[in-house]
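From first to last, the protein sequence lines stand for chains A and B.
Last residue of the first sequence: 489 in the working numbering, with the numbers rising by one and none dropped.
Last residue of the second sequence: 141 in the working numbering, with the numbers rising by one and none dropped.
Any given hint might turn out to be false.
[Said to hold, decoys possible] When the alpha-carbon atoms are kept at most 27 Å apart in a straight line, the in silico BS3-like pairs for lysine-lysine are as follows:
#1 A:Lys126 to A:Lys151
#2 A:Lys267 to B:Lys70
#3 A:Lys449 to B:Lys70
#4 A:Lys344 to A:Lys42
[Said to hold, decoys possible] Examples of chain A residues lying across from chain B (beta carbon under 7 Å, computed):
#5 Ala48
#6 Gly141
#7 Arg150
#8 Gly208
#9 Gly248
#10 Tyr251
#11 Asp255
#12 Ser419
[What the hints assert, rightly or not] The following residues of chain B were derived to be distant from chain A, with all beta-carbon distances above 10 Å:
#13 Lys70
#14 Thr89
#15 Thr94
#16 Ile141
I should point out that these hints are in silico values taken from the structure, not numbers from a laboratory.
Beta carbons are placed, not taken as given, at the ideal position from N, Cα and C, and that holds for glycine.
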Amino acid sequence: MVQTAQRAWTGPLEKLDDYRWRIPQTYDRGMRVPGLIFTSEKLLQDVAADQSLQQVANVAHLPGIVKASMAMPDIHWGYGFPIGGVAAVDAKDGVISPGGVGYDINCGVRLVRTELTEDQVQPVLKALIAQLFRDIPCGVGMSGDIRISRKDADRLMRQGSRWVIQQGYGAPEDLEHTESGGCLEGADPSRVSDRAFARGDDQLGTLGSGNHFLEVQVIDTVFQEGIANQLGLFQGQVTVMIHSGSRGFGYQICDDYLDVTEAAMRKYGIRVPDRQLACAPLSSEEGQAYLGAMRCAANYAWSNRQCLMHLARMVFERVFQQTWQQLGMRLVYDVAHNIAKFEKHQVEGQERLVCVHRKGATRAFPPGHPETPPAYREVGQPVIIPGDMGRHSYVLVGTQTAMEESFGSCCHGAGRVMSRAEAVRKASGRSIEQELAQQGIVVMGRGRKGVAEEQPAAYKDVNDVVEVVHGAGLARRVARMRPLGVIKG
Amino acid sequence: MNDRQPYEFFDHTADIGIRAEAPTLGELLVRMAQGLTELLVEQSHIEAIEERAVRLEAPDATSLLLAWLKELLYWFSAEGFLPSRYELTDVGPTSLRGVVRGERFDPQRHQQGREVKAITRHLLRVEERGGRWHGEVIVDI
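Make a model of the complete structure from these sequences and hints.
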């Protein structure tokens, strides 16, 4: 393997406070708004070493962008948009960019609680993880047992989680604790290519590979007992976290529409500094087509996580010989972290309808918001932040500050710092599985290199990332989980 | 890099790049395809028992590489098809035609490598220099 030359950021960067830095609009004549980066002195060093801050500045060129091109503390170098980027555009004059959502449309995380404690799970942990690994399809080239006909696919794309629950994969109560109820309105299957169908028809209820995982965890710290109670969480409680997205279906839709929007840029005379910021006016035929297809993929992803949760519940039922209801396996919440959505936000003192692109960023709505589910209305929308497989994950809740400053958004995870090749090199002669086993973490993965590439050291410390969003007031820490066992593709 | 080492991988923060050079554009396309296949199934042995025709057109050589790798990724992702032999008969900078032989993925016999989500346009490059063809592509993992 050979290193690519990474150019460090040499542009201006103004420190506003301990958690906020600004790229002034004057940096580049084409910037319509400034850049705003939520980070810390410590995390900034890695960020400034590559092109991600240039990408924040590039996104600021998008027609219709309002307030600022933002980046969360887990920012890293992406394609066009940085991963960890948030950009809102005016609903009337703005553009939609498939690259601002990403290949894995509605990649996201869900957290399931149980009434089990660590001491009840430890004696059967290995058997539990092995059973999850057997029953949940994961890894390259693996298809699921759930097959969908083209007619069913239509319903799934339009109705999302609601449809798969009707087919027996879960309970209606799960919908209330899924962002947007597990369904974006306006999904238009006629905008989806045959290739996307072909890639998606046997991947429902499959985990995938790369950084996707299913983890059994225990809550090791509760920061806010009152809020934790409201979410049904307590110290020593076992939880299950699922990280996956729209699989080949969504990847293909993104790819298809990168071509469509690239052509649209020429047609509408849109100029942006990077070809991968390809976009189309929201009001255009091309923009509407992408929105219709993207919503199909978003609904597919929620359905996928719903099916994965169902499979996990069935494994727990088998291992513990109780129903999932008896085990208290309720969905705490499901959040998307690659998505574009229409939302109302305050811009220059006025409420405006904007299209918020969250590319590796999580919605973090405050207490009292109509989209925060009734059970959580007093405490705010739960924000689920996965760590890496050797370190912690977090539950936070959204805040009014996020609403005012970041279009109700915060970070989405740890963020990579080490390339895959570097991770494999650093792991050479070691067994990451064994090292994690020594820490008491059971890891089962399909690919030989997958586990090495996803080792904890390849990521920023999620504790540092969460410290920034908590410190900046974008979300409040509620509880922290430690991994017990992980399955990976 | 030389003709004995047909392709190499390079780093990109979250993803992986494939780089190759070859005496002809056709050979470059084959080498890049071999790199992609190694990412999917490591160095698993792939039988050449199923045949597929391929015919692609693109505005330039760079777009042709993109279209070619996208086609192969689609075959794998939708149908589990893994390529092992290539007979690309007509290759020009804007079109290619030929036959690819291979077999379907079998988890009992093939190793599981990485799930390639997409072939990106990021830093995508194909050029002819000093009588040799050079190409680079980054795939999303």
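Hint check results:
1. A:Lys126 to A:Lys151: Outside the cut-off at roughly 40 Å; violated.
2. A:Lys267 to B:Lys70: 25 Å, holds
3. A:Lys449 to B:Lys70: 23 Å, holds
4. A:Lys344 to A:Lys42: 34 Å, violated
5. Ala48: Violated - the Cβ of Ala48 of chain A stays beyond 7 Å from chain B, reaching only about 14 Å at its closest.
6. Gly141: 4 Å, holds
7. Arg150: Violated: closest Cβ of chain B sits about 14 Å from Arg150 of chain A, beyond 7 Å.
8. Gly208: 6 Å, holds
9. Gly248: 5 Å, holds
10. Tyr251: Holds, about 4 Å.
11. Asp255: 5 Å, holds
12. Ser419: 4 Å, holds
13. Lys70: Check fails; 7 Å does not lie beyond 10 Å.
14. Thr89: The assertion about Thr89 of chain B holds, with a minimum of 25 Å to chain A.
15. Thr94: Label holds. Min Cβ-Cβ 16 Å, cutoff 10 Å.
16. Ile141: 5 Å, violated
Of the numbered hints stated above, those contradicted by the structure are hints 1, 4, 5, 7, 13 and 16, listed in ascending order.
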